[in-house]
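Let's have the full structure, built from the sequences with the hints guiding it.
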Amino acid sequence: MRVMAQMGMVMNLDKCIGCHTCSVTCKQAWTNRAGTEYVWFNNVETRPGQGYPRRYEDQETWKGGWTLTHRGNLRLKAGGRVQKLLGIFASPVQPKLADYYEPWTYDYQTLIEAPLGDDFPVARPKSLITGENTKITWSANWDDNLGGSSAMGHLDPIVAKLNASVRRESEEKVRFELEKTFMFYLPRICEHCLNPSCMASCPSGAIYKREEDGIVLVDQDRCRGWRQCITGCPYKKIYFNHKSGKAEKCTFCYPRVEVGLPTVCSETCVGRLRYLGLFLYDANRVTAAAATPDEGDLYEAQLDLLLDPSDPEVVAAARRDGIPDDWMDAARRSPVYALAKTYRVALPLHPEYRTMPMVWYVPPLSPIVDVLSSQGHDAEDRTVLFGAIEALRIPVDYLAELFTAGRTDIITGVLQKLAAMRAYMRDVSLGRDGDPAIPEAVGMSEETLYEMYRLMAIAKYADRYVIPTAHVERAHELEEIGCSLDFDEGPGMYESGPFGEASGRPAPVAVETFNALKQRQTSDTAISTSPSGALTGRVNLLNWDGNGAPPGLFPGRTDGDAP
Amino acid sequence: MSTFLWGVLPYLCVASLVGGTIWRYRYDKFGWTTRSSQLYESRLLRIGSPLFHFGILLVFVGHVGGLVIPESWTEAVGVSEGLYHFNALLFGGLAGLCTLVGILILVYRRRTTGPVFMATTKNDKLMYVLLGAAIVLGLWTTLVSVAAGSEAHNYRETVSPWFRSVFLLSPDVSAMAAAPVQFHVHAIVGMLLFALWPFTRLVHAFTAPLHYLFRPYIVYRSRDGGTSGNRSSRPGWSGVGTSDRDRRP
Numbered sequence: 000m001r002v003m004a005q006m007g008m009v010m011n012l013d014k015c016i017g018c019h020t021c022s023v024t025c026k027q028a029w030t031n032r033a034g035t036e037y038v039w040f041n042n043v044e045t046r047p048g049q050g051y052p053r054r055y056e057d058q059e060t061w062k063g064g065w066t067l068t069h070r071g072n073l074r075l076k077a078g079g080r081v082q083k084l085l086g087i088f089a090s091p092v093q094p095k096l097a098d099y100y101e102p103w104t105y106d107y108q109t110l111i112e113a114p115l116g117d118d119f120p121v122a123r124p125k126s127l128i129t130g131e132n133t134k135i136t137w138s139a140n141w142d143d144n145l146g147g148s149s150a151m152g153h154l155d156p157i158v159a160k161l162n163a164s165v166r167r168e169s170e171e172k173v174r175f176e177l178e179k180t181f182m183f184y185l186p187r188i189c190e191h192c193l194n195p196s197c198m199a200s201c202p203s204g205a206i207y208k209r210e211e212d213g214i215v216l217v218d219q220d221r222c223r224g225w226r227q228c229i230t231g232c233p234y235k236k237i238y239f240n241h242k243s244g245k246a247e248k249c250t251f252c253y254p255r256v257e258v259g260l261p262t263v264c265s266e267t268c269v270g271r272l273r274y275l276g277l278f279l280y281d282a283n284r285v286t287a288a289a290a291t292p293d294e295g296d297l298y299e300a301q302l303d304l305l306l307d308p309s310d311p312e313v314v315a316a317a318r319r320d321g322i323p324d325d326w327m328d329a330a331r332r333s334p335v336y337a338l339a340k341t342y343r344v345a346l347p348l349h350p351e352y353r354t355m356p357m358v359w360y361v362p363p364l365s366p367i368v369d370v371l372s373s374q375g376h377d378a379e380d381r382t383v384l385f386g387a388i389e390a391l392r393i394p395v396d397y398l399a400e401l402f403t404a405g406r407t408d409i410i411t412g413v414l415q416k417l418a419a420m421r422a423y424m425r426d427v428s429l430g431r432d433g434d435p436a437i438p439e440a441v442g443m444s445e446e447t448l449y450e451m452y453r454l455m456a457i458a459k460y461a462d463r464y465v466i467p468t469a470h471v472e473r474a475h476e477l478e479e480i481g482c483s484l485d486f487d488e489g490p491g492m493y494e495s496g497p498f499g500e501a502s503g504r505p506a507p508v509a510v511e512t513f514n515a516l517k518q519r520q521t522s523d524t525a526i527s528t529s530p531s532g533a534l535t536g537r538v539n540l541l542n543w544d545g546n547g548a549p550p551g552l553f554p555g556r557t558d559g560d561a562p
Numbered sequence: 000m001s002t003f004l005w006g007v008l009p010y011l012c013v014a015s016l017v018g019g020t021i022w023r024y025r026y027d028k029f030g031w032t033t034r035s036s037q038l039y040e041s042r043l044l045r046i047g048s049p050l051f052h053f054g055i056l057l058v059f060v061g062h063v064g065g066l067v068i069p070e071s072w073t074e075a076v077g078v079s080e081g082l083y084h085f086n087a088l089l090f091g092g093l094a095g096l097c098t099l100v101g102i103l104i105l106v107y108r109r110r111t112t113g114p115v116f117m118a119t120t121k122n123d124k125l126m127y128v129l130l131g132a133a134i135v136l137g138l139w140t141t142l143v144s145v146a147a148g149s150e151a152h153n154y155r156e157t158v159s160p161w162f163r164s165v166f167l168l169s170p171d172v173s174a175m176a177a178a179p180v181q182f183h184v185h186a187i188v189g190m191l192l193f194a195l196w197p198f199t200r201l202v203h204a205f206t207a208p209l210h211y212l213f214r215p216y217i218v219y220r221s222r223d224g225g226t227s228g229n230r231s232s233r234p235g236w237s238g239v240g241t242s243d244r245d246r247r248p
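As they're listed, the protein sequences go chains P and E. Under numbering that gives the first Met the number 0, residues 0 to 562 are what the first sequence spells out, in order. Under numbering that gives the first Met the number 0, residues 0 to 248 are what the second sequence spells out, in order.
Don't take every hint at face value.
[Claimed, not checked] Listed below are several chain E residues computed to face chain P (Cβ distance under 8 angstroms; list not exhaustive):
id, residue
1, W31
2, R34
3, Y39
4, H52
5, F90
6, H183
7, L212
8, Y216
9, V218
Because the hints were derived from the structure by calculation, they are not lab data. No residue lacks a Cβ here, since even glycine has one placed at the ideal position from N, Cα and C.
Take a look at the structure:
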């Protein structure tokens, strides 16, 4: 046994309202730069839907993840090492910008500077890639809320698969008529897999997994832009920065996590649906688990990798392997471990890719509840709910394709637990005695069901995020040490190298973000350079700390103006 | 003049190549990339890029064979001058043609695809001119040789000894000076290309990822880059928990 710690996330999909706050704050924090305009480390997809990039789940096309050879060994779906190197000059399977979308902005300047005329000036969309006028035809969430799904819903790879497997006439296809369909939101970040295929695809060895917390990162100094990781990742969560020529990915907000703060997407989540905590796993068994012959068993194999932090044997092994005691304590209080392993309600996304993803999802009961309430049933009654979980095959089949490689029994089990929690807690909150038969029906005790309710429904901040900090004695190593001229706005700071804007030593993350924010917030060129000059010197109030009056707070006095 | 071209310039270029590469590697690892434009355009790239790259790899092998291996060695294993030249012209010509067609497709793509053209720097343009010139001039020497038939100039008695003598630190200027003009021009452009190499995107060739064939699939790295806890590990290369551990050299 070799115990390693892994920062993990669980998302409770029932709570996701699809507001995209996580995406927007993530973009603001991480990908609001040239070269990453089209990049969303966090995106929210409406399912059924094609996802972002389009149809990324169709691995027969995109060749992401792992497959098994006929001898039962793991092999990259895009090919072995020699095959990958031979294809390096023009990556054979590579999403084009059109598969993501062409990022754009609007020509707002026209609104301000257009000459007086009969027509209202309009802000035309401009491509952020070419700078030309563009026609907006797609984006990262174009099919949000099932938009256009009556025409394009069948392009969802899972829908296609389900519809193709309908054999008899009597079996139902996935329908997209408003009253017959279902939907839910699926927020996605990098899965920080235990067996990452992006890492295995990287010719340079630039992608690595941190020993301490399992966060998967790209070493920007070693990445050479061979682009194989983009093919390798089945979730298409590695992006090519087309300005710097390097791969970029979700960082699990490591600078925040190291000091005990939740990731930006978690912190800003309106529905409070994200949980952060530690998993302990046995690193020596990862490959064997990922090579489980039957896809349907991969979920169980992945659960088996997770070690019980209360088990004395595990504790001893963890101590031997150098996991600090406070991390062990955090592992014992870990909400993600509780949801994934103790209550078994969180499931990995697409275990059949064999990457052992570490962002888990509590499948939504809402598609079923919605149908029941729209038909006038009592959606909190246990018998009604249980019956519906059995009867409403299509949502269950769909969820099974997402989370359990097609095993509907596992999905049904999880949904029944959620239904039981709902039914049991209704009695309790209405002041009646809880019905012990309800937890018993799903194999839980009343106490565990209540604890699960506390974690999932009350979901206090301190319960959702149990993040052990990086150790103080290592703090110095975490600093981004630079030369003495690298102080803020010093001569060594924030210059481009001689080979274009991507070259030269990278600015430390903190400084780069700080400067970018400052530039954006304080630059007001459209106004300050306006020919009339009337509005020059305006100050951005968002940057004003309230002390004194910064220059330009008030417009300058013009001659002859009485005070 | 000959002394400068064949006795001094080679060392200036080597100094620029080696010194420049070391400097760039230390100073600008972040800028060390292929700067791929496949995201913008894939169709032409899928034809042009492999054609160019495989072609130029063959051309490189051919140059090593022609410049480094002395004529006496090949004769010792029974390869006559005529047979050698026939092979060199045939395969060298084919490889050169592939390279030329490849680079023409790539340059055409670069010029006509808006986003790719926008991502092209002045540095790139200069590099393309030198690289294209070196390829064209190389093919010119081949064509002249083909046209001359059996009368073709045997560069292995002039250019190759000079090339080797440069690395032996006693440049044989007179040997090179005796070569026809097309070889002179090709060699000068080639030297300039290598002098410029470290300062262009061409550096990606120096980090050709051959070690991919031997590295473990899963890379663990400690946050502090050294050891953590009581474990000892080599940064980036502790193949924990995978069968790849056995591959670790």
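(message) V218 of chain E was flagged as interface toward chain P. Is the shortest Cβ-Cβ separation under 8 angstroms?
(response) 4 angstroms, holds
(message) Checking hints one by one. Is L212 of chain E an interface residue toward chain P, by the C-beta closer than 8 angstroms rule?
(response) This interface hint holds because 5 angstroms falls under the 8 angstroms limit.
(message) Less than 8 angstroms between beta-carbons is the criterion; does F90 of chain E satisfy it with respect to chain P?
(response) Violated. Min distance 20 angstroms.
(message) Does the closest beta carbon of chain P sit nearer than 8 angstroms to the beta carbon of R34 of chain E?
(response) Because about 4 angstroms separates R34 of chain E from the closest Cβ in chain P, which is inside the 8 angstroms limit, the hint holds.
(message) Does Y216 of chain E hold up as a contact with chain P if the rule is Cβ-Cβ below 8 angstroms?
(response) With a minimum Cβ separation of about 4 angstroms from chain P (threshold 8 angstroms), the hint on Y216 of chain E holds.
(message) Restraint: H183 of chain E near chain P, CB-CB cut 8 angstroms. Satisfied or not?
(response) 31 angstroms, violated
(message) Under 8 angstroms is the threshold here; is the Cβ of Y39 of chain E close enough to any Cβ of chain P for the hint to stand?
(response) At about 6 angstroms, which falls below the 8 angstroms cut-off, the nearest Cβ of chain P leaves the hint on Y39 of chain E intact, so it holds.
(message) Given a cut of 8 angstroms on the nearest C-beta pair, is the interface hint for H52 of chain E held or broken against chain P?
(response) Nearest chain P Cβ about 4 angstroms off; hint holds.
(request) Would you settle whether the hint for W31 of chain E is holds or violated, based on the nearest Cβ-Cβ distance to chain P being less than 8 angstroms? (result) 7 angstroms, holds
In this structure, the earlier hints numbered 5 and 6 are contradicted, and the remaining ones agree with it.
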